[in-house]
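A.B. asks: In case you want the letters, here they are:
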Amino acid sequence: MSTLHTVNKSPFEKTSLTTCLGHLSAGAAVLLLEDGVYAALTQTSVEGQVKGALDSVKVYALGPDLQARGLSEERVIPGISVVDYAGFVDLAAEHDKVQAWL
Amino acid sequence: MSETIKNFLYLNRRAPYGTIYAWESLEVVLIGAAFDQDVSLAFLDDGVFQLTKGQDTAAVGMKNFSPTYAALGDYEVKKVYIEKESLEERGLSLDDLQHLTWEDEDDDYAEKDSIHLVTRAEMAAIMDGADVVFSF
Chain A
1 MSTLHTVNKS PFEKTSLTTC LGHLSAGAAV LLLEDGVYAA LTQTSVEGQV KGALDSVKVY
61 ALGPDLQARG LSEERVIPGI SVVDYAGFVD LAAEHDKVQA WL
Chain B
1 MSETIKNFLY LNRRAPYGTI YAWESLEVVL IGAAFDQDVS LAFLDDGVFQ LTKGQDTAAV
61 GMKNFSPTYA ALGDYEVKKV YIEKESLEER GLSLDDLQHL TWEDEDDDYA EKDSIHLVTR
121 AEMAAIMDGA DVVFSF
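Residue numbers (this note's numbering), protein chains in the order written: chain A, 1 to 102; chain B, 1 to 136.
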């Protein structure tokens with residue numbers, strides 16, 4: 001069972017990201033969107049957690065949400081793939097289900 | 001017109017776009033600015049993300065309200081405090097934020113910085129000194 005996990009809350013305000021990363025199984029992927037995209041930035045207090053996740057799962061960030069927040073792709077942790085809305089649809093279709101962490 | 005001038009502090013702790021808090025705060029600040037009060041804005045925690053440069057909301061279909069912050073100086077809002085620790089925890093520096101200024105009419109309309117970088121301890125003192133705190 002491969003699951004796409006989505007996180008849409010800021011990692012500095014809620015525990016959604018931490019709890020999500022602690023509940024990933026093999027074949028899982030994580031998509032950061034809305035305020036969740038702040039977790040994709042380098043040099044933050046949660047960078048280590050996200051980099052640790054990259055060792056075992058794929059992590060994506062939604063480009064339009066990065067742009068809205070003035071965050072350029074150069075600030076995104078290497079290894080995280082930036083996708084657009086069509087890419088979001090593809091990810092949802094490729095996985096067996098989508099689990100949202102609110 | 002109110003008789004007493006009070007010191008109002010608007011506390012911004014939320015990121016823009018994910019929730020409505022940031023925009024609502026800005027609207028209240030602009031409305032309140034019409035009432036000749038002593039206004040200060042504080043940005044801490046995720047609130048510091050409200051002021052990032054280069055916001056472009058075209059692809060998410062939301063209103064980009066970030067250019068409005070540049071108008072605060074025209075509304076006599078000239079004290080904007082940014083918490084240093086909050087920036088650092090998020091990998092940001094003042095260079096990543098908009099440069100906000102106001103014109104000092106008593107000094108030949110010189111452009112002066114509105115933004116003041118303060119420590120958490122200094123922010124606590126600013127909060128302590130406010131007559132009224134509006135939290136967003």
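Careful, some of the hints might be misleading.
Ranges between beta-carbon positions, derived for each pair [as the list claims (entries may be wrong)]: (1) B/63 - A/23: 33 to 39 Å; (2) A/19 - B/91: 18 to 24 Å; (3) B/106 - A/23: 27 to 33 Å.
Computed cross-link-like contacts, EDC-like style, restricted to lysine to aspartate or glutamate with a CA-CA straight-line distance of at most 16 Å [stated by the list, open to error]: (4) B/78 - B/107; (5) B/78 - B/105; (6) B/6 - B/128; (7) B/84 - B/45; (8) B/84 - B/96; (9) B/112 - B/74; (10) A/14 - B/128; (11) B/79 - B/38; (12) A/14 - B/89; (13) B/53 - A/73; (14) A/58 - A/90; (15) B/53 - A/90.
Just so you know, these hints were derived from the structure itself, not from any lab.
It should be emphasised that the depicted structure is a prediction, and the values quoted were computed from it without experimental measurement.
For every residue, glycine included, the Cβ atom is placed at its ideal position computed from N, Cα and C.
A.B. asks: Okay, which hints does this one fail, numbers in order?
C.D. replies: 3, 10, 15
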